[in-house]
Amino acid sequence: MSGILIDPRKCIACRACEVACEREHGRSFITVFEFESSAVPLNCRHCEKAPCIEACPTRALFRDKDGAVMVDVKKCIGCDMCLLACPFGIPEIAGRVMVKCDLCPERRAKGKLPLCVQTCPTGALSYVEPNEFSAKRRKAYAERLALRRSENAPGL
Amino acid sequence: MRPVFDWEKCIGCLACVRACKTGALSYSDENGVRRIAFEPRLCDGDLLCVDVCPVNAVKGFPNHESGESSATFELARCERCGRLTSFTVKEVEWAKGEDLFTVFLCSACRRVESAKKIGEGLE
Chain A
1 MSGILIDPRK CIACRACEVA CEREHGRSFI TVFEFESSAV PLNCRHCEKA
51 PCIEACPTRA LFRDKDGAVM VDVKKCIGCD MCLLACPFGI PEIAGRVMVK
101 CDLCPERRAK GKLPLCVQTC PTGALSYVEP NEFSAKRRKA YAERLALRRS
151 ENAPGL
Chain B
157 MRPVFDWEKC IGCLACVRAC KTGALSYSDE NGVRRIAFEP RLCDGDLLCV
207 DVCPVNAVKG FPNHESGESS ATFELARCER CGRLTSFTVK EVEWAKGEDL
257 FTVFLCSACR RVESAKKIGE GLE
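Residue numbers (the numbering used here), protein chains in the order written: chain A, 1 to 156; chain B, 157 to 279.
It should be emphasised that the hints constitute simulated quantities derived from the structure, not laboratory data.
Ideal Cβ placement from N, Cα and C applies to all residues, glycine included.
Honestly, I wouldn't trust all of these hints.
Claimed, not checked - Straight-line C-alpha distance at most 30 Å; calculated BS3-like pairs for lysine-lysine:
(1) A:K75 with B:K215
(2) B:K272 with A:K139
(3) B:K273 with B:K215
(4) A:K74 with B:K272
(5) A:K74 with B:K177
(6) B:K165 with B:K177
(7) A:K75 with B:K177
(8) A:K74 with A:K10
(9) B:K252 with B:K273
(10) B:K215 with B:K252
(11) A:K112 with A:K139
(12) B:K246 with B:K177
(13) A:K74 with A:K136
(14) B:K165 with B:K252
(15) A:K112 with A:K10
(16) B:K273 with A:K75
(17) B:K246 with A:K10
(18) B:K215 with A:K74
(19) A:K75 with B:K272
(20) A:K112 with A:K74
(21) A:K74 with B:K273
(22) B:K215 with B:K165
(23) A:K136 with B:K273
(24) B:K273 with A:K139
(25) A:K49 with A:K75
(26) A:K49 with B:K246
(27) B:K246 with A:K75
(28) B:K273 with A:K10
(29) B:K246 with B:K165
(30) A:K10 with A:K136
(31) A:K136 with A:K65
(32) A:K112 with B:K252
What the hints assert, rightly or not - Covered by chain B, according to a simulated footprint, are these stretches of chain A (three or more residues, beta-carbon under 8 Å):
(33) 30–42
(34) 51–59
(35) 73–85
(36) 111–118
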């Protein structure tokens with residue numbers, strides 16, 4: 001199950017993801033937060049154990065075949081229980097139903113990446129399996145460590 | 157079938173109000189207080205309110221003559237920015253009991269806090 005994974009080390013806070021999302025959905029479901037030493041683009045985490053799905057009293061929230069947490073607008077009554085449950089503050093109410101990131105289902109159906117991932121110029125957003133992401137991070141960390149070692153103790 | 161509301165049990169979350177298609181259930185939020193009211197003359201007895209209630213505060217009874225009823229609830233403030241939220245104090249207490257969170261934050265603060273945590277993970 002792939003999701004959008006964030007690498008804040010690469011985010012330059014250009015907000016191209018926000019613009020892309022708005023172009024695809026009419027409003028942006030991803031927000032870039034800027035801090036003193038980092039920038040973090042935040043969207044729905046599509047949690048494996050999603051508190052919003054568990055909290056929904058009308059079973060309007062479900063997981064699609066790609067693992068995306070989706071809203072069935074016919075079942076959603078806009079009751080806010082998912083807002084209460086979500087630790088990331090992601091769900092919003094618009095037009096009396098909940099709206100949030102859906103990982104661009106029309107693009108996924110065509111084998112394309114979610115538009116924010118496609119657009120990010122620095123690779124801060126990636127649409128990958130979490131374990132694949134971890135493997136890449138492990139390797140990058142090991143490389144940094146090896147580099148530091150060779151700089152500090154050349155020839156060892 | 158007609159619904160009967162246990163307002164002691166009710167946490168004021170509005171799931172029933174939003175599920176109700178007849179307008180028999182209504183609410184208002186004013187000055188930090190939520191008022192939920194049930195008007196039995198408008199009720200068609202479909203009991204959608206019973207289905208959606210997260211705390212089983214509504215029950216359906218056959219041939220029951222429900223009277224008009226209402227309850228008020230204090231609205232909760234974000235424990236970080238202090239802003240008034242659309243959740244009641246009872247609802248927040250219930251959610252804490254359900255282990256949804258230990259500190260109650262509004263959506264805006266939840267986003268900032270989680271983004272900060274993701275960013276801080278780097279240092």
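Status of each hint after checking the structure:
1. A:K75 with B:K215: holds (21 Å)
2. B:K272 with A:K139: Status holds; Cα separation ~25 Å.
3. B:K273 with B:K215: Violated, because 43 Å separates the two Cα atoms, which is more than 30 Å.
4. A:K74 with B:K272: violated (35 Å)
5. A:K74 with B:K177: holds (13 Å)
6. B:K165 with B:K177: Since the Cα atoms of K165 (chain B) and K177 (chain B) sit roughly 23 Å apart, the hinted pair holds (cutoff 30 Å).
7. A:K75 with B:K177: At roughly 13 Å apart (the allowed maximum being 30 Å), K177 (chain B) and K75 (chain A) satisfy the hint.
8. A:K74 with A:K10: violated (39 Å)
9. B:K252 with B:K273: holds (21 Å)
10. B:K215 with B:K252: Given that 30 Å is the threshold and the Cα spacing comes to 24 Å, the pair holds.
11. A:K112 with A:K139: Holds - the C-alpha atoms of K139 (chain A) and K112 (chain A) are around 27 Å apart, at most 30 Å.
12. B:K246 with B:K177: holds (25 Å)
13. A:K74 with A:K136: violated (40 Å)
14. B:K165 with B:K252: Answer holds: K165 (chain B) to K252 (chain B) is near 16 Å, not above 30 Å.
15. A:K112 with A:K10: The hint holds at about 22 Å.
16. B:K273 with A:K75: violated (33 Å)
17. B:K246 with A:K10: violated (42 Å)
18. B:K215 with A:K74: holds (24 Å)
19. A:K75 with B:K272: Given that 30 Å is the threshold and the Cα spacing comes to 34 Å, the pair is violated.
20. A:K112 with A:K74: holds (27 Å)
21. A:K74 with B:K273: With a Cα-Cα distance of about 35 Å, the restraint between K74 (chain A) and K273 (chain B) is violated, given a limit of 30 Å.
22. B:K215 with B:K165: holds (11 Å)
23. A:K136 with B:K273: holds (21 Å)
24. B:K273 with A:K139: The hint holds at about 23 Å.
25. A:K49 with A:K75: holds (21 Å)
26. A:K49 with B:K246: It holds: about 25 Å lies between the C-alpha atoms, which stays within 30 Å.
27. B:K246 with A:K75: Given that 30 Å is the threshold and the Cα spacing comes to 26 Å, the pair holds.
28. B:K273 with A:K10: Holds: K273 (chain B) and K10 (chain A) sit about 16 Å apart, inside 30 Å.
29. B:K246 with B:K165: Holds - the C-alpha atoms of K165 (chain B) and K246 (chain B) are around 9 Å apart, at most 30 Å.
30. A:K10 with A:K136: holds (14 Å)
31. A:K136 with A:K65: With Cα atoms ~25 Å apart, K136 (chain A) and K65 (chain A) stay inside 30 Å; holds.
32. A:K112 with B:K252: violated (40 Å)
33. 30–42: holds (count 8)
34. 51–59: Our answer is that it holds, as 4 residues pass the Cβ test (under 8 Å) against chain B, meeting three.
35. 73–85: Satisfied; 8 residues make the cut.
36. 111–118: Violated: only 0 residues of the region 111–118 of chain A have a Cβ under 8 Å from chain B.
Checked against the numbered hints above, the structure violates hints 3, 4, 8, 13, 16, 17, 19, 21, 32, 36; every other hint is satisfied.
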